[in-house]
Amino acid sequence: MTPAAHESSTERSLNFIEQIIEEDISAGLHDGRVLTRFPPEPNGYLHLGHAKSICLNFGLAQRYGGQTNLRFDDTNPVTEDTEYVDSIKADVRWLGFEWAEERYASDYFEQLYNFAETLIQKGLAYVDESTAQEIAAMKGSPTVPGQNSPYRDRSVEENLSLFRQMRAGTFPDGAKVLRAKIDMASPNMHFRDPIIYRIKHAHHHRTGDTWCIYPMYDFAHGQSDAIEQITHSVCTLEFIPHRPLYEWFIEQLAIFPSKQYEFARLNLTYTVMSKRKLKKLVEGGFVTGWDDPRMPTLAGIRRRGYTADSLREFCERIGVAKRDNLIDVGLLEFCIREELNRTTDRVMAVVDDKPIKLVLTNYPEGKEETLHIENNPEDETAGTREVPFGRKVYVERDDFMEVPSKKYFRLAPGKMVRLKGAYIVQCDEVIKDETGEVTELHCTYIPESKSGQDTSGLNVKGTIHWVSVAHAVPAEVRLYDRLFAVENPAVEEKEMESDDDNAFLSLLNPTSLVTVKALVEPNLADRAVGSRVQFMRKGYFTVDADSTPGHLVFNRTVTLKDAWAKEVKKA
RNA sequence: AGCUCGAUAGUAUAAGGGUAGUACAUCAGAUUUUGGUUCUGUCUGUCUAGGUUCGAAUCCUGGUCGAGCUACCA
Numbered sequence: 001m002t003p004a005a006h007e008s009s010t011e012r013s014l015n016f017i018e019q020i021i022e023e024d025i026s027a028g029l030h031d032g033r034v035l036t037r038f039p040p041e042p043n044g045y046l047h048l049g050h051a052k053s054i055c056l057n058f059g060l061a062q063r064y065g066g067q068t069n070l071r072f073d074d075t076n077p078v079t080e081d082t083e084y085v086d087s088i089k090a091d092v093r094w095l096g097f098e099w100a101e102e103r104y105a106s107d108y109f110e111q112l113y114n115f116a117e118t119l120i121q122k123g124l125a126y127v128d129e130s131t132a133q134e135i136a137a138m139k140g141s142p143t144v145p146g147q148n149s150p151y152r153d154r155s156v157e158e159n160l161s162l163f164r165q166m167r168a169g170t171f172p173d174g175a176k177v178l179r180a181k182i183d184m185a186s187p188n189m190h191f192r193d194p195i196i197y198r199i200k201h202a203h204h205h206r207t208g209d210t211w212c213i214y215p216m217y218d219f220a221h222g223q224s225d226a227i228e229q230i231t232h233s234v235c236t237l238e239f240i241p242h243r244p245l246y247e248w249f250i251e252q253l254a255i256f257p258s259k260q261y262e263f264a265r266l267n268l269t270y271t272v273m274s275k276r277k278l279k280k281l282v283e284g285g286f287v288t289g290w291d292d293p294r295m296p297t298l299a300g301i302r303r304r305g306y307t308a309d310s311l312r313e314f315c316e317r318i319g320v321a322k323r324d325n326l327i328d329v330g331l332l333e334f335c336i337r338e339e340l341n342r343t344t345d346r347v348m349a350v351v352d353d354k355p356i357k358l359v360l361t362n363y364p365e366g367k368e369e370t371l372h373i374e375n376n377p378e379d380e381t382a383g384t385r386e387v388p389f390g391r392k393v394y395v396e397r398d399d400f401m402e403v404p405s406k407k408y409f410r411l412a413p414g415k416m417v418r419l420k421g422a423y424i425v426q427c428d429e430v431i432k433d434e435t436g437e438v439t440e441l442h443c444t445y446i447p448e449s450k451s452g453q454d455t456s457g458l459n460v461k462g463t464i465h466w467v468s469v470a471h472a473v474p475a476e477v478r479l480y481d482r483l484f485a486v487e488n489p490a491v492e493e494k495e496m497e498s499d500d501d502n503a504f505l506s507l508l509n510p511t512s513l514v515t516v517k518a519l520v521e522p523n524l525a526d527r528a529v530g531s532r533v534q535f536m537r538k539g540y541f542t543v544d545a546d547s548t549p550g551h552l553v554f555n556r557t558v559t560l561k562d563a564w565a566k567e568v569k570k571a
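Counting from 1, one number per residue, gives the positions in the first sequence under the working numbering.
Calculated directly from the structure, the hints in this document are not laboratory data.
Where hints are given, some of them may not hold.
Claimed, not checked - 27 Å max Cα-Cα, derived DSS-like pairs, lysine-lysine: (1) 367 to 450; (2) 259 to 322; (3) 354 to 569; (4) 279 to 89; (5) 415 to 450; (6) 392 to 432; (7) 200 to 354; (8) 569 to 517; (9) 461 to 357; (10) 275 to 461; (11) 450 to 494; (12) 200 to 322; (13) 280 to 89; (14) 354 to 89; (15) 569 to 420; (16) 279 to 200; (17) 354 to 432; (18) 200 to 139; (19) 357 to 420; (20) 277 to 259; (21) 367 to 407; (22) 517 to 494; (23) 367 to 280; (24) 357 to 450; (25) 357 to 275; (26) 432 to 407; (27) 561 to 517; (28) 517 to 357; (29) 406 to 561; (30) 420 to 392; (31) 367 to 420.
For clarity, every value in this text was computed on a predicted model and none was experimentally measured.
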């Protein structure tokens with residue numbers, strides 16, 4: 001699709017990268033070809049920050065008739081594993097994207113090695129045998145220029161021979177490194193003779209034991225881009241200082257001129273996005289795993305009940321720019337509600353460890369009715385379902401107040417409400433146990449008020465959900481809430497000024513998971529894992545993988561908006 | 001301290017020298033057999049000081065504030 005054609009088919013304005021690409025296309029750069037790449041390191045699970053990057057990279061290519069490679073940046077064998085490769089591929093596909101080619105930086109090890117020799121030959125790289133500490137010390141600081149290594153001026157021949165011995169496995173880990181010879185006084189720390197190869201006698205997940213030297217990120221990423229002829233290499237802001245180096249290597253090696261562009265990574269309120277911190281949560285048992293529904297990982301959020309569509313919509317709405325941002329998690333919740341409101345069936349579930357039993361004293365003993373209740377008022381084609389009704393039903397404790405406030409229009413002594421899809425009932429008598437806790441409400445129902453054929457003329461403000469006592473199916477419900485109690489854990493952590501890098505754990509929300517019992521409609525009994533419903537007046541729920549026949553487990557994906565809760569909070 | 005990047009409503013994001021717009025959030029109202037949905041209305045913004053210009057969010061200069069950079073991680 002041409003930019004012009006697209007212009008007319010969308011309202012959305014262009015982000016800065018799209019603007020660059022359109023300029024490139026009109027300038028005829030690379031004959032208008034667009035090839036992007038998504039370059040994860042296979043050392044962890046993908047999270048929402050990656051989702052932003054995936055949607056950006058694949059979205060750019062789709063928009064401009066290009067393609068996207070999936071490239072694993074696997075240059076550090078000690079942290080990487082195929083387990084992650086598989087989960088990353090699954091997550092990208094789940095999000096709804098298909099890559100043109102699956103590549104690995106390790107595919108290019110031989111080529112990268114040759115690039116290194118080229119650099120040596122040009123007198124632009126040397127083997128340094130200083131220790132890590134010495135190298136760090138000689139590096140200087142942003143305000144103090146570094147010092148040249150004593151090994152900086154070795155001859156090309158010596159460097160070549162040493163480098164070949166490095167490859168051959170002559171030296172132990174850390175004994176030597178290959179460094180680019182640039183400028184130890186550069187204000188850009190990355191130009192102070194960056195290390196480009198290090199010795200690691202480690203098993204690589206793909207190349208096995210073929211190599212004992214591995215290129216550093218800076219010597220692998222740009223060249224990999226060039227080898228694949230990536231036109232637009234999009235990464236996050238922290239790589240800005242690397243860009244001059246990225247370009248330097250490309251220029252010195254005279255290879256395909258890929259260009260790097262940087263955007264601001266996603267930050268979300270009430271969570272953390274750093275791999276390191278997420279790992280701590282998993283390893284410390286603060287969550288049940290990488291796919292815990294509270295985690296911002298794609299695996300977690302998927303299990304929570306989020307859809308790929310809603311995530312893509314979210315990524316579209318947050319935009320792309322260069323300024324640091326903190327997105328309100330409320331926007332994510334809006335995106336999933338918007339979809340689930342449209343697509344899920346409404347059902348009734350009394351989510352309460354101690355529900356109240358409601359007895360309709362004027363409803364004949366033993367009588368049962370089958371009610372037909374619409375599945376989704378937003379979707380006529382969703383049809384109706386059968387819901388059994390009887391003399392006794394469960395309702396939630398929150399839907400009764402012995403001494404109601406003025407604006408409370410649920411059950412209270414003497415008050416009327418409608419039981420959703422059934423009858424209007426009036427609360428006559430409150431039954432309590434010996435501790436004074438309400439256990440039952442005796443009500444009378446209005447026979448002429450039956451849903452759909454109401455001739456009672458009554459008009460009640462409140463409608464509450466219920467489940468027939470005789471037909472209720474027990475279930476476990478996991479009420480998930482924000483992982484952290486504070487809006488911006490990263491900033492709070494900084495403000496604590498603690499040396500303890502576990503300090504952020506004290507900011508966790510202690511009620512991020514509340515497990516309660518529920519009684520649900522019988523037709524929910526055989527829902528498949530992963531299916532989604534709206535529990536009327538409660539929220540959207542999905543059947544968790546922990547469910548077994550006879551033991552249903554529901555995850556709360558997100559609550560409904562709750563104007564009443566706001567009202568209560570105000571008071 | 002040096003270098004780099006950034007700064008537009010509460011949060012994001014547009015406007016590329018010519019009316020500061022959109023979404024989410026907020027608040028208010030209407031509708032509603034979900035205190036949901038939907039609809040209507042409402043509120044709040046160009047970091048600062050100069051300069052260029054008929055005209056500046058936009059261009060220039062200084063300042064302020066925020067972020068990143070100083071791993072044999074990516």
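Hints broken by the structure, by number, lowest first? 7, 10, 11, 12, 14, 20, 21, 22, 23, 25
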